[in-house]
Each structure stands twice: as structure tokens, then as C-alpha cells.
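Chemist: Protein chains in written order, with the UniProt record's numbering: chain Z, 1 to 245; chain L, 1 to 502.
Don't take every hint at face value.
In silico DSS-like pairs for lysine-lysine, Cα to Cα no more than 25 Å straight-line [as the list claims (entries may be wrong)]: (1) L:Lys384 with L:Lys400; (2) L:Lys278 with L:Lys318; (3) L:Lys313 with L:Lys264; (4) L:Lys293 with L:Lys318; (5) L:Lys358 with Z:Lys48; (6) Z:Lys127 with L:Lys313; (7) L:Lys417 with Z:Lys165; (8) Z:Lys48 with Z:Lys165; (9) Z:Lys165 with Z:Lys127; (10) L:Lys318 with Z:Lys116; (11) L:Lys434 with L:Lys393; (12) Z:Lys127 with L:Lys358; (13) Z:Lys127 with L:Lys318; (14) L:Lys384 with L:Lys370; (15) Z:Lys116 with L:Lys136; (16) L:Lys313 with L:Lys337; (17) L:Lys253 with L:Lys313; (18) L:Lys136 with L:Lys82; (19) Z:Lys116 with L:Lys417; (20) L:Lys358 with L:Lys393; (21) L:Lys85 with L:Lys337; (22) L:Lys439 with Z:Lys165; (23) L:Lys293 with L:Lys134; (24) Z:Lys116 with Z:Lys165; (25) L:Lys439 with L:Lys494; (26) Z:Lys116 with L:Lys370; (27) L:Lys370 with Z:Lys127; (28) Z:Lys49 with L:Lys358; (29) L:Lys439 with L:Lys417; (30) L:Lys358 with L:Lys337; (31) L:Lys64 with L:Lys76.
Hint data in this document are derived by calculation from the structure and do not stem from the laboratory.
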Amino acid sequence: MDAKRELFQKLQQDILLWQGFKPVSAGKAERIGLGEIENSFPGSVFPKKAIHEFITVLPEHSAASDGFIAGLLAVLMENGAACVWASTSRRLFPASLSLFNVEPERIIFMDVQTEKDVLWITEEALKCEGLAAVVAEVNNLSLIESRRLQLAVESSGVTGFILRKDENKIASTVATARWRISPLPSHTEDGMPGLGFPRWQVELLKVRNGNPGNFVLEWAGEKFEEVKKVKKQIVWSELEGRQIG
Amino acid sequence: MQRRFVSIWFRQLLADWQLIRRPELSGVPFVFAAPDHGRMIITAVSSLAAESGVEVGMRAADAKAICPDLEVLDDKPERPKKLLKGLGEWCVRYSPIIAIDEFGMDGLLLDVSGCTHLWGGERGYLKEIVSRLKSKGYTVRLSIADTPGAAWAVSHYGKITPLIPTGGQVDALLDLVPDALRLEEPVLAKLRKLGFYQIKSFIGMPRSVLRRRFGEDFLLRLGQAIGTENEVLVPLRVPVLFSERLACLEPIKTRNGIEIAINKLLENLCARMQAEGKGLRTGILTCYRIDGKVVWVDIGTSGATHSISHLFKLFQLKIDQIRPALGIELFVLDAPKVDDVEVPQEEMWTSTPGLDDKSVIRLLDRVAGKVGLQVIHRYLPATKYWPERSVQKAISVTEKSDTRWRVNNPRPTELLKTPVPIEVMAIIPDHPPKFFIYKGVRHTVAKADGPERIEREWWLDQGEHRDYYQVEDEQGGRYWLFRSGHYGSDNKYKWFIHGFFA
Chain Z
1 MDAKRELFQK LQQDILLWQG FKPVSAGKAE RIGLGEIENS FPGSVFPKKA IHEFITVLPE
61 HSAASDGFIA GLLAVLMENG AACVWASTSR RLFPASLSLF NVEPERIIFM DVQTEKDVLW
121 ITEEALKCEG LAAVVAEVNN LSLIESRRLQ LAVESSGVTG FILRKDENKI ASTVATARWR
181 ISPLPSHTED GMPGLGFPRW QVELLKVRNG NPGNFVLEWA GEKFEEVKKV KKQIVWSELE
241 GRQIG
Chain L
1 MQRRFVSIWF RQLLADWQLI RRPELSGVPF VFAAPDHGRM IITAVSSLAA ESGVEVGMRA
61 ADAKAICPDL EVLDDKPERP KKLLKGLGEW CVRYSPIIAI DEFGMDGLLL DVSGCTHLWG
121 GERGYLKEIV SRLKSKGYTV RLSIADTPGA AWAVSHYGKI TPLIPTGGQV DALLDLVPDA
181 LRLEEPVLAK LRKLGFYQIK SFIGMPRSVL RRRFGEDFLL RLGQAIGTEN EVLVPLRVPV
241 LFSERLACLE PIKTRNGIEI AINKLLENLC ARMQAEGKGL RTGILTCYRI DGKVVWVDIG
301 TSGATHSISH LFKLFQLKID QIRPALGIEL FVLDAPKVDD VEVPQEEMWT STPGLDDKSV
361 IRLLDRVAGK VGLQVIHRYL PATKYWPERS VQKAISVTEK SDTRWRVNNP RPTELLKTPV
421 PIEVMAIIPD HPPKFFIYKG VRHTVAKADG PERIEREWWL DQGEHRDYYQ VEDEQGGRYW
481 LFRSGHYGSD NKYKWFIHGF FA
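Isolated chain Z (complex conformation) (with noise of 0.2 Å):
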């Protein structure tokens, strides 16, 4: 039994390594701030060399998504990269993204007419290896474009973030994972007027590898926070000069 199980085992790892997913080394696993999530993706790491799709149906959700995706860049630009932007209707407020930790002149806005463009400048942006990644705003991702953005992003390790607008048509892709953002009422302390850190329900529909999960998680100034069922006590105090009520 014990043999057939390593070589199961051994059977998984080899799929793995053919699909793109090198095991990290113990010391070199980086953490995206994600806390329990990341334990969903094979080896316990958030891929960054992937293609990451969020579906955005309703404004709320896409505002929420570009809020998470915010989050995320502010982890992957720490080194200075840049980042490109690419969408056909943008309503993306640069300013908004200091709240998030990330300086919005760092970001490369490429705001084009059609969805073939958006592709395209994806695609060739997931090359360029100068940058941490690229965002992209489409309406319908089919297997085959998807499957061109994967092969980019194997060769060159930018992240891509693909923000899917239509639901009707899901169309089965080769992304590594697909996420949805929807808000939830923010918390404040008791009697404390004014809404609280953003809240967002995290589904991860899919995971190349990995498993599933629903979370819940709030944007703390700082960082990711995952809320548990005991909620924690948040410090106002964090949030400097931030105006309440």
C-alpha cells in the first residue's frame, strides 16, 4: 500500500511540474498576504505566475475586485515594477489606489476601443518581464485567448489579473483560478457611526489543483484580514486622520 501510495504521490508532483507549478523550496515561499487562502493553491502558495479571473457582473463587484486586486498589487509592485491597466471602459479611480498601498503612477493605463486590443496589449504586456502585472478588463475570455495568456505568463512570470464581465457565457479557460469579490456590510464597533474597513466575500470558485473555499476578508489600512467568527475588536486609532461620521 505504502508503495502505491508514493507512487501516487510521486505521480502528482510530476503532473504538477508538467503544468508549470514548481515546488518552492521551504526558506523561498513567498506570502502575498492572503493568510488562510493561500493555502488553497497547490504548495500552499499563491501563484504568481498565473492567470488569476475574477467575475464582475454588477458594479458593486467589480469595484470590489479592483479593491482585492489592489490589495494584491500592493504586494507584487513592492520591488518598484510597474503595472499595465488595460480595459475598454475604465472606470478605475487612480486616486483611490493610495488607500491601498499602491502609488497609482506606477500603474500604465491603456484605455483602447475594442476587446481585440484589450488582448492584445495583454498578451504582450504578460511578455514583459519588467512588470509585476497586468490587469485587464474584458468582457468574454474564450479557451483559446485564455490559453495564449497562460503560455505568456509561463515564459515571462507576470501575474495576470483578468476581469471578466459577462457571466452568461462562462466559457470554460485554462485559468488557474476564478474568483469572485462581492461586498459585505462593513463592520464597525459597537455604537461607533460611519462604516468600517472594507468587507468582502471571497469565493474561489476554481483552483487549478487546489481546493475551493469561501472566505470572508476586510481590508485593514495595511493589509488583508481574515474574518473569522469571533470578530476581532478593530483600533479606529489605525486608521490616521480618516474621517467618521
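Here the structure of chain Z is known, so what remains is to put chain L in place on it, guided by the hints.
Modeler: Only chain L this time, still in chain Z's reference frame:
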């Protein structure tokens, strides 16, 4: 090197052009006329019409009386210039510097220094131009001299020989009428009145005397003709410093062939630019097809570069736009804009990534080449509170801002380009709404922050201030709403939604 100039005078530019276009007019006297003070004044005359006594400056009606079967054609003011431009571009085969004769607007001036020996000397050179233009249908008079002024004078008024030897322009001018000096009509009238019918009668007079009577302009024209004053020709096409040509034995039709041609041109061009420490900013690839048409594509880079592989990739995106038709016989690659290239110090280890990373710059070049530079935006903080103006577009990739991004007031992650009116129910002044209806959906407000009052910049535009509220509905959606104006007796105030928070 001794400079030599050729003046080409098209004696009947418009008439010749019209005859080439409409050969059926060959037996008909015709003139061009343009309206002037309500009359039709003749501007150009064909040779047949001139024989019957019609002259430039006559009224069309008078001319018709003299010559009853005269055909009057409409003239357009810019037409001679257009024709000369076309002819000048054709003449580029004879000399790189070609200017339109701005004085008479009926000829061309060529700087032919060092060009004539290619046609076996000056005589052969002039003969070649005359016969080529004649076979096209233009009657021209040419002359070659040391100065553009002398060449112009001899071509228009010379009687003996069009070949003025080096240093002989003064002798050639002596017997000519003062009109040959390109002077204005009032000056000419004065000269005639004083009895100066030939240039030799005043050329020896003291300059101070001439200046007092005829003005500075007269001396300038005289000096330009005899060579004491410099005359600068304004070339039709400015010669490009960095330019490479590739002539093909066989016409090229395939993509593969064009790629090889581009690569060869780039190899030569980049080697030259590298030697001089320059880098390409804009490049134009001109393809001369065997059917006489010219097609061209251009590229631009955001930083000077002489990397062959990068420039080749930029051209590769444009190859689809080149229509080779029957084939391309000549490729010309010009670099009209070059800059000093900064050679960065090679770093031992990996370079620090950032906006000026080489691969990022190349990505921007490729996007600008394929989609256009206008799609690339980068934003810097502006010192304004009004949300729409609180960010400004950066001009260049590396531009930095003096101010910092403000984080004390929350801003929505998604901002609507124009605020959308909503219906709200708010009970008390200066309180956030109880609920609002946006796109037909009713959102009940559970939590709210605000107001944050932002005044309108009255020196830029007129209108009411805005009171912004950050609200959260029962489902958790977070919105940025504002009330425009004060609560008041009049119904001027309105509610809008302006963004979505994360």
C-alpha cells in the same frame, strides 16, 4: 566647393498642365481667369491665345472680344504652387535641395552643387532636364549660375547662353533689364522713369545712393544676383541626416522579402547611429513600387534607441499596412528625428524594475505603434480637491509629481465619468439619505459617513458645491453619493451617485 544653382522657368505652367490633362484643347486658344473686384481677370494664357493678342491681366470679357473662340477656364489661387510642388518632388532625381520660386510662382530653384557631373557636365545636365520636361509636355527655360538670383535672371531674360561660368554672373547680368533682379513693381517703375533700362547703367553706382533712392530690398536683390548676399533656399523636402536606401534587383512582393529588406536597412542605419551615439525616435519606411506609387509606414519610440531587434519588432507590426502590389523596387528608411542615446551602465545583477525598465519602454513603443500613443495614460496627483480634476495625466513615462497622493479622505475605487442623478429620501438637512434609487433598484442605506463638502473652483466653472456622503446599503454595497447645492426653499439641489467603493 563652388555652389551652383539651376533655375527652371515654366513659361506656361498652367497652360501646359491643362494641355497634358486635356489633349483635346490643343487646337483651341484658352485662358485661365480668376475673379478680382467683381471682374474676371486673366491669370494665365495659352500660346495660341497669346498669338491673337490676349495678355495676362486683361479682363476675360475684353479678351473674348479680341478672340471670339476663346475658352475661359477657372483658376484656383493655390494651383501653381501645388503643381510646382509636384514637379519639384519629381525633380528630386536631379538634386536633393529643391525650392519653389516664391517670387514668380512659376519656376523651381535647384541647388545642384556637386550634382551635374553625374549627367556628364552642366550642358548634359541641363539638356537632360529640358528634354525630360519637354517629353512630359512642359516648355521650360533653364539656366545655371553661381547664385540663384543670376540663374533666375538669365532663365527669364537671358538671350545668349544659359550656362553662366563660375564668377561670370556679373557679366551675364549687365545687358539684362532691371526686371531680371526680381524687384517689386514700384521700384521697377522708378528705375524706368530714371532711364535705367539695363542693369549695367546702375550696377556701378555707390550703394548709399542706391539705398536712398530704391530702398534696402533693392540692394538685397542686387546682392543676391551678383553673389555678395547669401540667399537661403527653402527646400521642399528637408534632407534627412540618417537615411538608408536599398534598391532591389527584383521587385519584392512577399512579407518575407520586406522583412529581410527592413532588417538590412536597420543594420546599416543602427550601425551609423551607434557610431555617433544617436538613437532613433521616429522612423519612416518608404517603399517605391514599380507601378510608380509610393507607400510608407512610420514608427515612433518613447526613448532613443538603436537596437535592431526592437526597431524591427516595431516595423513588423506595420508590415500589414504595406501594399506591395506588383512589387517594391526601392526601400528608403529615414530617421527624421534622432536623439542622443543614453547608454546605461551595465549592472552586475538584475536591474531594478520600474517604469523606465527597458522591457516596459519597449512594450509602450509596441502598443503606441499598433494602437496609438493616445491610449496610454498615466496619472499623477493634482493639487485640486474637485474629484474629476484631482488626477492629471502625466506627459511622459518618467514624469514625477511634486505633490503626494492624498489619503486622508477616502475616494471610490470606481468613479463614474459623469455623476448620475438618483432619487433619494433624506429626512433632515445635512444627513445622508435613508434610501436611494439607482437604475431602478432601491438601496436602503445602513451606514454612512459624511458629509465632505467640496467647493467648486469658481475661477474655472460655475455651479453649486457638492456634499459627498459615503454610504453602505444593507447588502454591503458601498457608494459615493453627493448632494449638489444647499438644502433650501427652492428645488435647486439634486442628488447624484458618483462612484463605488471597494
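Chemist: Are the hints correct? Go through all of them and say.
Modeler: Results of checking the hints against the structure:
{"no.": "1", "hint": "L:Lys384 with L:Lys400", "result": "holds (17 Å)"}
{"no.": "2", "hint": "L:Lys278 with L:Lys318", "result": "holds (23 Å)"}
{"no.": "3", "hint": "L:Lys313 with L:Lys264", "result": "holds (14 Å)"}
{"no.": "4", "hint": "L:Lys293 with L:Lys318", "result": "holds (18 Å)"}
{"no.": "5", "hint": "L:Lys358 with Z:Lys48", "result": "holds (22 Å)"}
{"no.": "6", "hint": "Z:Lys127 with L:Lys313", "result": "holds (14 Å)"}
{"no.": "7", "hint": "L:Lys417 with Z:Lys165", "result": "holds (19 Å)"}
{"no.": "8", "hint": "Z:Lys48 with Z:Lys165", "result": "holds (23 Å)"}
{"no.": "9", "hint": "Z:Lys165 with Z:Lys127", "result": "holds (24 Å)"}
{"no.": "10", "hint": "L:Lys318 with Z:Lys116", "result": "holds (17 Å)"}
{"no.": "11", "hint": "L:Lys434 with L:Lys393", "result": "violated (37 Å)"}
{"no.": "12", "hint": "Z:Lys127 with L:Lys358", "result": "holds (13 Å)"}
{"no.": "13", "hint": "Z:Lys127 with L:Lys318", "result": "holds (20 Å)"}
{"no.": "14", "hint": "L:Lys384 with L:Lys370", "result": "violated (34 Å)"}
{"no.": "15", "hint": "Z:Lys116 with L:Lys136", "result": "violated (49 Å)"}
{"no.": "16", "hint": "L:Lys313 with L:Lys337", "result": "holds (19 Å)"}
{"no.": "17", "hint": "L:Lys253 with L:Lys313", "result": "holds (20 Å)"}
{"no.": "18", "hint": "L:Lys136 with L:Lys82", "result": "holds (17 Å)"}
{"no.": "19", "hint": "Z:Lys116 with L:Lys417", "result": "holds (23 Å)"}
{"no.": "20", "hint": "L:Lys358 with L:Lys393", "result": "holds (22 Å)"}
{"no.": "21", "hint": "L:Lys85 with L:Lys337", "result": "holds (23 Å)"}
{"no.": "22", "hint": "L:Lys439 with Z:Lys165", "result": "holds (18 Å)"}
{"no.": "23", "hint": "L:Lys293 with L:Lys134", "result": "holds (22 Å)"}
{"no.": "24", "hint": "Z:Lys116 with Z:Lys165", "result": "holds (15 Å)"}
{"no.": "25", "hint": "L:Lys439 with L:Lys494", "result": "holds (16 Å)"}
{"no.": "26", "hint": "Z:Lys116 with L:Lys370", "result": "holds (12 Å)"}
{"no.": "27", "hint": "L:Lys370 with Z:Lys127", "result": "holds (16 Å)"}
{"no.": "28", "hint": "Z:Lys49 with L:Lys358", "result": "holds (21 Å)"}
{"no.": "29", "hint": "L:Lys439 with L:Lys417", "result": "holds (16 Å)"}
{"no.": "30", "hint": "L:Lys358 with L:Lys337", "result": "holds (20 Å)"}
{"no.": "31", "hint": "L:Lys64 with L:Lys76", "result": "holds (20 Å)"}
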